[in-house]
Amino acid sequence: MPAFGFPLLVWLMAAVAAAAVAGRALRWQWGRPARVDWWAGLRAVPRRYLVDVHHVVARDSQAARMHMLAAGGLLAGSGLAALGVIPPLGASRLWWAVVALAFAVMLAGAFLVGARRFPVRPARLSGGRFQLLPVLLLGYGLGGFCLAAGAAAGLPAGRAVLAVTAGCGLALAWFTGKGPMRHAAAGTLHLAAHPRPARFAGQRDVALQPVDLNAERLGVETPADFAWNRLLGFDACVQCGRCETACPAFAAGQPLNPKRLIQDLVAALEPPGPAPAYAGSPYPNARPVAGRGGRHAPIIGAGAMIHPDTLWSCTTCRACVAECPMMIEHVDAVIDLRRHQTLMLGAVPEKAAARLDDLRDTDEANGHGLAARADFAAGLDVPVLAPGGRADVLLWLGEGAYDLRYGRTLRALVRLLRAAGVDFAILGAAEKDCGDIARRLGDEATFARLARENVATLAGVGFSRILTADPHALNSLRNDYPAFGGRYEVWHHTAFLDALVAEGRLAVGALSGQTVTYHDPCYLGRYNGEVEAPRRLLDALGLARTEMARSGARALCCGGGGGAPLSDVAGDRRIPDLRMEQARATGAALLAVACPGCTAMLEGVTGARPEVRDVAELVLAAWEAGQGAPAKRAALELQA
Amino acid sequence: MIANADALLKPLTLKGLTIRNRVMSTSHAPGYGKEGKPQERYQLYHEEKAKGGIGLTMFGGSSSVALDSPAAPWNQVSVADDSVIPFFQAFSDRIHRHGAKLMIQLTHMGRRTKWDTENWFPTVSSSPRREPASRTIPKELEPEEIARIIADFAAAARRCREGGLDGCEVSAAHGHLIDQFWSPSVNQRTDGYGGSLANRMRFGREVLEAMRRAAGDDYVIGIRMSGDEMIADGLSHEDCVEIAATYARDGLVDFVNVLGGQARDDMAHAISLPNMSFPVAPFLHLPSAIKREVDVPVFHAQRVTDLATAARAVADGHVDMVAMTRAHIADPHLVQKLIEGRDDDIRQCVGAGYCIDRIYVGGDALCIQNAATGREATMPHVIPKADVRRRVVIVGAGPGGLEAARVCAERGHSVVLFEKNAAAGGQINLAAKAGWREALSGIPRWLAGQVTRLGVDLRLGVEASEAAILAEQPDVVIIATGGKPSHGHAKGAERALTTADVLSGAVELSGTVLLFDEMGQHNAASTAEQLARRGCLVEFVTADRYVAQEVGTTNQPIHYRELYKLGVVFSPNLDLIEIYPEGNRLVAALRNTFTDAEEERLVDHVVVEYGTLPVDGVYHALKAGSVNAGQIDLGAIVRGEPQPYDLSQGFALYRVGDALAGRNIHAAIYDALRLCKDL
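Residue numbers (our numbering), protein chains in the order written: chain F, -10 to 629; chain Z, -7 to 671.
I should point out that these hints are in silico values taken from the structure, not numbers from a laboratory. Heads up, the beta-carbon is just placed ideally off N, CA and C, and yes, glycines get one too. Everything hinted at is true.
FRET-style restraints, in silico, Cβ to Cβ:
1. F:Gly356 to Z:Val454: 52 to 62 Å
2. F:Gly356 to Z:Glu132: 58 to 68 Å
3. F:Ala559 to Z:Ala(-5): 19 to 29 Å
4. F:Leu359 to Z:Ala300: 25 to 35 Å
5. Z:Ala415 to F:Gly356: 46 to 56 Å
6. Z:Asp85 to F:Leu359: 26 to 36 Å
7. F:Asp350 to Z:Ala300: 24 to 34 Å
8. Z:Thr444 to F:Gln51: 51 to 61 Å
9. Z:Ala300 to F:Gly596: 19 to 29 Å
10. Z:Asp85 to F:Arg349: 45 to 55 Å
11. F:Tyr38 to Z:Arg445: 56 to 66 Å
Every beta carbon over 12 Å from chain Z, so not counted as near; a handful from chain F, in silico:
12. Leu31
13. Ala65
14. Leu72
15. Pro108
16. Arg110
17. Gly156
18. Asp194
19. Thr535
Next comes chain F alone, as it looks inside the complex (with noise of 0.2 Å):
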């Protein structure tokens, strides 16, 4: 009989583990209803388990070596053990030696998550319960493997051995409800039942679903106002922090951290009461608040649960999210609440909310005239295009347009378009603020108008695709504006001259003797994945190019995105400080950039430090050099 002990207790586990589900899952039942295809989600799951979320896993192999012993250890041997209660198993001595094998690899794996954590747990790595996890896992590791294998030998199962195996087990078990293991469960359901479907199998799917401005309530208030998924996914987290070793907020000193802020939403489902422990890092130079929760109890605030000016210190960037492994959309969350904010409350920061008045008075972000967006291009007789025209290419300037800084490139630009002969043309003042800082800031209705009249001036119109030179732009015309009606081919400027290049309408010389490296603009590269057009263009110029620590779809951002400088978080240090930081490392004696807001930033940098310029200033000295002109003074002061 003492074989059947293991499987029952297999049994109880699980039972322990649905019932704790079962507690969080009417939690989960507190958020607002969404439309969710269980069937084909589920049918999924193993495809994004084993596709998705290793992708992410793997790119610490470590990691993804201690979860595949753990995880396929533990699930392997006790599923199997729990079959012993069906007689001819439970009889089996092979089938014993088989679940001990599977233990014998799950101790391994347990080995491996103690080996993380001790002697000394890494600060990205959450202490408390999650400290206990290895000991657990060791416990209950031990304990099956020795009783599966006394079964196997035909042994009797000691009552010490199954008192700590189902000590141990019991505790894992009860821990998927409240504890390191609930990332299990909540996970697996995530996966299936995920708010983004459409990100996975190698999919994007960036754009922010847009609002009903109907509705009474906009936006997130309380966690009853997130879907029921997103509580979900919150749920998911396994505090690995890997989102807070990616968080430039973070790493700047401002007040957020990614993984605390998940546990804080996490935090606000309880009652009011005595926080749960986190025992992960601090958000950096915390903001005091109350720390209450409750289902329709405000997250924002002072007296509530995360301050405002947590949320006000994201960029938007994605890193956090690029790095989770399980799937968690944070930047979802981060807009959900700062929608209300903004559109209920009119709580924004205040710089922002300059900015916002201007949008909704003048169109554009700053109050400048529309007809001088094209001031730049003075000289250089740039195409309008007037209701009914028609070019092939329609030139998107977006709000750099404005920047004495950044017209040089858009001037470099037009050059260069002028010399591969394309057809383009601009939309003059008919062209209005594309409506991103609104977004990004919670003012999501100033943004839907703007959308919504850009795409009636973009209907009004015939192009073949869009051409920008802001990623910001790039990302709401391509993602962002199909939800209401406009679907375009949308190209940035680096992709659009690597072809030029490549099909060799733009005859480019050599930079040679110059370093560079490349700085990713959070909304081309990770929100976009375009990483390799800007690469393969530098290539071509003849420029040595190094990369930073982190570059392509894992860079670290410049800090100028998702109105981050207007909210203007203080933190220890600035972002772009640390992002030049990383270029400086390098060598290199050209920071090349291919968006107007990394631009500002990053030359607002003081100190030595390389020179910043546009991919398309660099192609156009190339072009120049290619040219016979002589070489340009601005290219010759870098090598002195």
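Following the hints, position chain Z against chain F.
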């Protein structure tokens, strides 16, 4: 980045013509015209500004529309017949390629020209009143002649349009024919063209109406005019405002280009072209007042030498466009540098007036500090990199040495620059010590800034010996050691002090001073002012016909004004023949250059200005060891070719500036640029 740069970089649209920014260059007469046409040199000069980002460049100051307004005295442009049109077409194509706009100034100069040149027609005006500056007594215009000249203006406007120019302005400033009708100081007529202001405005009105008919209503036509003649019997500020307001209201002009003053005599000329003794933008209040009364754009030029002042003028609403004409002569790329955030690299006009002063004695306009201006066909504004990197040692950080170092460093060479004094600048540091000449210090300040930025090894306070130079293992050595003041050739000359002794502060003089000048340049005039300001009783003696004879027409009146105010006695036409002591004082013996009569002065000090002699000790020490015996191949310089010496055999040795022979700042800088651009 300067404040309000965005105001300066905002396009301006007038009558459908969009000018890309608010910076322009007014029409002037650089003396580059050839056979009455704007040919290659003239076009390249303006093209450089177009490349450099300027919004509007206007050429052809005082371009004449009629046969009795000769273009010859200024080497200017004649628009009096159709043969100029192809030149206009080539010119406008050239400028438009770079996104800039091009306009011309049209005028009939009336009495303000010469009768003894070109066609030898008498000068004409509203009334036969002599103009001091041109020294002509004009013929009074008859109605038939007035009609002819109006038709001439109209035909010229048509030629501008056919030539593809973006517009034109008529000159009614500096005392040209139109303002000779306006100004009661000239116009004494009793017919419909004289008397009331409305009558005096009639001629200009008829000119503009005829031009409109000929060129079309959509063609941009403006006017250049004074905002106040600043003379008792001339046009008052109120008159000028009324003229501008009336012409603008009646749709006769599309812009008003306002300046202050007039130019009928020496002092008025100097005031209307303010030099470094004036504050920046001294007459900005005049266009500002007119802007309040007209609804067409207002332009303005007059010593706006820096972009910060220009930006303020536009941002504060005083003017719509700022003309930085001399500023562009110093640096034709100043707008581009502003746009590229390199405003620290702008070579700022110091207001020396070198460019203008040359043209009023029949020369061509050249910049005291930028030797490439006006020489675009041969001299680069942007120095290209050399194929081979050389080691260049330069001795002396005066203007010649600094320019040599700048150009060599831009070429990519490794440059060591020795300067025995604690500061760079050479003799400019002396010149800048004198009164209102301080702004000259801007020349070495910019050069030293560039040299530092370009990574030149500048060794201040280090006198270069032969050994120290050779220790650098140079490929090229450039001697720019400048000159030392000459004491001249009079008997007892060793008893005299030099102007450099005074300006440097080496001596502090009091009592009576006889200042003898053989050069006629700024040096003696500045020294006289310096001495008189410190209480000396100064007699300014020169063998020339008048003192400061070689100082140009925008500067000489300022010297005269200051020296007269200080009670300096002018004694021209006297040569210094001997200095001998009498007690603890000196006797200066002088001889009249026309009568040979001799006279003596008993004074406390004699100060002399005889120019400089080369400082050439290091040169002679190195000469024998150099591959070229210190000689510059003049043919190669003129042809724009590298010096033909084989540097594998040793170093080449050159001299530039006063180390060759005492001349001036421009000569030193030009010596350096033309040599080093091909090294």
